[in-house]
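There are 2 protein chains.
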Amino acid sequence: MAIDPGSIFSKLGAFTSDHESVVSMNLFVALLCACIVIGHLLEETRWMNESITALAIGLCTGVVILLTTRGKSSRLLVFSEDLFFIYLLPPIIFNAGFQVKKKQFFRNFMTIILFGAVGTLISFGIISLGAKYVFEGLNLRQLDIGDYLAIGAIFSATDSVCTLQVLNQDETPLLYSLVFGEGVVNDATSVVLFNAIQSFDLSHIDSSIALKFVGNFLYLFILSTLLGVLTGLLSAYIIRKLYFGRHSTDREVALMILMAYMSYMLAELFYLSGILTVFFCGIVMSHYTWHNVTESSRVTTKHAFATLSFVAEVFIFLYVGMDALDIERWSIVSNSPKKSVQFSSILLGLVLIGRAAFVFPLSILSNLTKKNTHEKLKFKQQLVIWWAGLMRGAVSMALAYNKFALFETKDRKNAFMITSTITVVLFSTVVFGLMTKPLIRLLLPSPKHLVRMASSEPTSPKSFIVPLLDNGQGTESNQSNQNVPRPSSLRMLLTTPTNTVHYYWRKFDDAFMRPVFGGRGFVPFVPGSPTDRSNH
Amino acid sequence: MAIDPGSIFSKLGAFTSDHESVVSMNLFVALLCACIVIGHLLEETRWMNESITALAIGLCTGVVILLTTRGKSSRLLVFSEDLFFIYLLPPIIFNAGFQVKKKQFFRNFMTIILFGAVGTLISFGIISLGAKYVFEGLNLRQLDIGDYLAIGAIFSATDSVCTLQVLNQDETPLLYSLVFGEGVVNDATSVVLFNAIQSFDLSHIDSSIALKFVGNFLYLFILSTLLGVLTGLLSAYIIRKLYFGRHSTDREVALMILMAYMSYMLAELFYLSGILTVFFCGIVMSHYTWHNVTESSRVTTKHAFATLSFVAEVFIFLYVGMDALDIERWSIVSNSPKKSVQFSSILLGLVLIGRAAFVFPLSILSNLTKKNTHEKLKFKQQLVIWWAGLMRGAVSMALAYNKFALFETKDRKNAFMITSTITVVLFSTVVFGLMTKPLIRLLLPSPKHLVRMASSEPTSPKSFIVPLLDNGQGTESNQSNQNVPRPSSLRMLLTTPTNTVHYYWRKFDDAFMRPVFGGRGFVPFVPGSPTDRSNH
Chain Z
1 MAIDPGSIFS KLGAFTSDHE SVVSMNLFVA LLCACIVIGH LLEETRWMNE SITALAIGLC
61 TGVVILLTTR GKSSRLLVFS EDLFFIYLLP PIIFNAGFQV KKKQFFRNFM TIILFGAVGT
121 LISFGIISLG AKYVFEGLNL RQLDIGDYLA IGAIFSATDS VCTLQVLNQD ETPLLYSLVF
181 GEGVVNDATS VVLFNAIQSF DLSHIDSSIA LKFVGNFLYL FILSTLLGVL TGLLSAYIIR
241 KLYFGRHSTD REVALMILMA YMSYMLAELF YLSGILTVFF CGIVMSHYTW HNVTESSRVT
301 TKHAFATLSF VAEVFIFLYV GMDALDIERW SIVSNSPKKS VQFSSILLGL VLIGRAAFVF
361 PLSILSNLTK KNTHEKLKFK QQLVIWWAGL MRGAVSMALA YNKFALFETK DRKNAFMITS
421 TITVVLFSTV VFGLMTKPLI RLLLPSPKHL VRMASSEPTS PKSFIVPLLD NGQGTESNQS
481 NQNVPRPSSL RMLLTTPTNT VHYYWRKFDD AFMRPVFGGR GFVPFVPGSP TDRSNH
Chain W
1 MAIDPGSIFS KLGAFTSDHE SVVSMNLFVA LLCACIVIGH LLEETRWMNE SITALAIGLC
61 TGVVILLTTR GKSSRLLVFS EDLFFIYLLP PIIFNAGFQV KKKQFFRNFM TIILFGAVGT
121 LISFGIISLG AKYVFEGLNL RQLDIGDYLA IGAIFSATDS VCTLQVLNQD ETPLLYSLVF
181 GEGVVNDATS VVLFNAIQSF DLSHIDSSIA LKFVGNFLYL FILSTLLGVL TGLLSAYIIR
241 KLYFGRHSTD REVALMILMA YMSYMLAELF YLSGILTVFF CGIVMSHYTW HNVTESSRVT
301 TKHAFATLSF VAEVFIFLYV GMDALDIERW SIVSNSPKKS VQFSSILLGL VLIGRAAFVF
361 PLSILSNLTK KNTHEKLKFK QQLVIWWAGL MRGAVSMALA YNKFALFETK DRKNAFMITS
421 TITVVLFSTV VFGLMTKPLI RLLLPSPKHL VRMASSEPTS PKSFIVPLLD NGQGTESNQS
481 NQNVPRPSSL RMLLTTPTNT VHYYWRKFDD AFMRPVFGGR GFVPFVPGSP TDRSNH
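Protein chains in written order, with full-length UniProt numbering: chain Z, 1 to 536; chain W, 1 to 536.
Same shape as in the complex, but just chain Z (with noise of 0.2 Å):
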């Protein structure tokens, strides 16, 4: 029943003769309708979210279908990489990008920057040392010490997609933007770190060798990010010099679709991290690139790229429940149940202590930095920014699988490490995630919260009507008009002292970079243009 998604047909039209993949794929469709709507009609429970309700279809589905075929198979679709890191990935990053709340996200860029990098790498070294040690005492010897580096960087990335459902960007902007910025950031660390183990030589480390290690990870970091705000700014500067006076919806969203993607692809072309500049990429792009559009094009990239995400990430959990059980795997694994169950639960508790290092160090480090008494971490928000990054999802999944599923079912040892991993997926979803939404309203009690539940608009988009129908100045990043009318956020907005870097930042920004790329306010009255309207 397995499929390859890219080659679904051998033959035109109607008369097809892999008559099978057919169904598989219109099976898989109909799935994902499936898991859209009861994602949506469970919304309001208290427990559930769309990630559990997906890997739960998916479980399911696994089950009918390894009845039907009497144990053969479990699923409907091959998992690869390649439809992981190609097609899934680079939407959900670049979505992350563009509908992240650019203020809140520079103003806590250091902090971001400290849980998601240094926090990744504290983790990474934490989880890689405590398999070592304890998985050697095991008597677990097949592994060497590349398995035990994979382990850290597949273990340390987190999916904080459950978390961010539940958490809401309007009353806890702090938390929000920090538990979204860490996971983005968090994503590209641990990607580019499981890279960067796969291609140098670990047999034997000395201090020039961790040298290099740390210049290369710096150099991919660095030149990833350029190139994703190069790329977003030459978006902007093409659309903005081509379309003055007269304005073509298609072609704008067109050329923003594909010039984002080919950011992710010109990164592949000079080996750099294409999850780091999707990310700047999206960044640059909402800030200048969708201030230069039609305001239909605005509606249009901002839900056409949620709309993206969205699917990918429901696809992403449809496929994890659904590749759970894979009979091959777990009947190699079956021979010592009791050591799986050890390495799973060895492994979730090097995640639990991973975290828990340095999201406390942490927080104290950053809080030392600030002066304000409320801006500082509270010890319930630490609380809950552990928390958040415990999951762990399909980065994890796609990383197990590229290191672990070459000549699986014939190697003892890697089969063992894709069930574990798919445990640890299972488990802290599952487990964790139903856990998240009572201990947030537990350590967060919020009036507003059962208010904001019942309504709408679970993932990070919000409607666009608003912005449409008032003409306001109001509109400076996509939400911040959200944001401002708000008198919690007003308040801190007018309490904390100006980011000096940021306040030079904004300067530079008004004196020469919108007027050459565009950005509100800064888009030329053309008479009778949309985008003109709502300035003048």
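Please note: incorrect hints may appear among the correct ones.
[Unchecked claim] Once the Cα atoms are required to be at most 30 Å apart in a straight line, the calculated BS3-like pairs of lysine-lysine come out as:
id, chain 1, residue 1, chain 2, residue 2
1, Z, K241, W, K437
2, Z, K371, Z, K507
3, W, K132, W, K338
4, W, K241, Z, K437
[Stated by the list, open to error] So the derived label-pair ranges between C-beta atoms look like this:
id, chain 1, residue 1, chain 2, residue 2, range
5, W, S207, Z, H19, 25 to 35 Å
6, W, W505, Z, E20, 37 to 47 Å
7, Z, A34, W, G146, 57 to 67 Å
[Said to hold, decoys possible] To spell it out: a stretch of chain Z is covered by chain W in this simulated footprint if at least three of its residues, at any positions, have a beta carbon under 8 Å from a beta carbon of chain W; those stretches are:
id, stretch
8, 25-34
9, 249-259
10, 266-273
Keep in mind that the hints were calculated from the coordinates and are not lab data.
Predicted model only: the values in this text are computed from it and were never measured.
The beta-carbon is built from N, C-alpha and C at its ideal position, and this holds for glycine as well.
For this one, chain Z is given, so just place chain W on it according to the hints.
Using the frame of chain Z, we list chain W on its own:
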């Protein structure tokens, strides 16, 4: 340099082994961007249009690649029918159904079916028979009856994209809807016809087989239409029932896209014509589903579908341009250049005759059924319709590849057929295409014409600011609000006697369909819901 876009990278992330394919992919995306930008810049010129621009850029790139690879290859991508029939064609056809002016389409339904289905069959018969008699005189005896029928189907598939870019939907609504509608029905008919030919044993034809063939054709046509309508209605029903009072733009958009795609896949599942299904699914979705979603969703779906379709079209022409320079094929044919030219010009001549043979007689037939003089098709209009369908494009190419691309390099006949198809496509698109704008200006002179050319939005979708900002009742279908206030179309609407079928359909629609499936004015009032702000 050739790659299969379904499996672009063999390894993860930055350290991919297949670096050449990344280079190709980057180049291809960059070329797409270039086509869009240059197409926009050349829009105001008298001769060019987007298709010709993409073809020209493709040809130039092909030359450059030929030179850099020293004559080995001219392509960045291997043409795959899968890519065309699964990823590129469905969005184009779905968008055609989604954006069609339904009132005009259904008012001229009989004429469109007459041209699209009966006309294509006539054209198919003439080209097949003509090819048989002429080529048998030329001693091309390798061709069998199946080949002649395939030639008929391949060269009766029109490509009216060029013409639609030039015709004005508001000035000449009748002509526009006829050319547009005929193009879509023709696409579907020729693919259905081609599939029917492929699956039948044509070595001995008698009356019972011919009858079976006609039965099969009608069966495909009717069931495919029904399936499309049912899927569309299902999507309307689901969204209407589920989202009562609680709207989520991303989920709505995702559901619409997934269900549109599923209609295509379901048709494949039941061995029906996906093209017809997805076209009627598009019509039903724009009539019911589209009215049940939020305003953001409406703008997003409208432009997202149009953009997808636009990119797919540019993609196809860019590809055909590059593929036209495949050196291997031409070297096989180059032994007999005279014969090759003869062959292609005969095919072109047959295309011209085949189209003339049904446009003028069927126009007269259609005129007989109409009472009002100004509803009848004048000779100049008939000429425009004839001209509009002379171009051969992507569908012809895809069908030709499907029939003749197996063992192509070894087989002389197949290489011959492919190069002839390329020649006809290139010649008709470039030469006929370049003459279209001047010809239409000559035949249908209009003072507004020049003004319109200088403004924006070349392809079918229109800007959405107007329907978003006015909260009128006039938004009957997606675009009729732009149509209704115009005196010309309003006058036409009042003076023509209301078609009785259309009248009863409206009564039925209002009494039974809209209360169940939603639609304009039948979405229940939900306080604060954006859908209803415009209706109350």
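Structure-based check of all given hints:
1. In summary, the hint linking K241(Z) to K437(W) is supported, as the alpha carbons are separated by about 27 Å, within the 30 Å threshold.
2. Note on K371(Z) and K507(Z): the hinted pairing holds, with a Cα-Cα distance of about 24 Å set against a maximum of 30 Å.
3. At most 30 Å may separate the alpha-carbon atoms for a hinted pair to count; K132(W) and K338(W) meet this at roughly 19 Å.
4. Using a Cα cut-off of 30 Å, the hinted pair K241(W) and K437(Z) holds, with the two alpha carbons roughly 27 Å apart.
5. Roughly 32 Å separates the CB atoms of S207(W) and H19(Z), a value that falls within the hinted 25 to 35 Å.
6. Remark: the range hint 37 to 47 Å for W505(W) to E20(Z) is upheld by a beta-carbon distance near 40 Å.
7. The beta-carbon spacing between A34(Z) and G146(W), approximately 43 Å, falls outside the hinted interval of 57 to 67 Å.
8. Three residues within the 8 Å Cβ limit are the bar, and the stretch 25-34 of chain Z against chain W gives 6, so the coverage statement holds.
9. Residues of the stretch 249-259 of chain Z lying with their CB closer than 8 Å to a CB of chain W number 9, which satisfies the three-residue condition for coverage.
10. Requiring three or more residues with a Cβ within less than 8 Å of a Cβ of chain W, the coverage given for the stretch 266-273 of chain Z holds, as 7 such residues are present.
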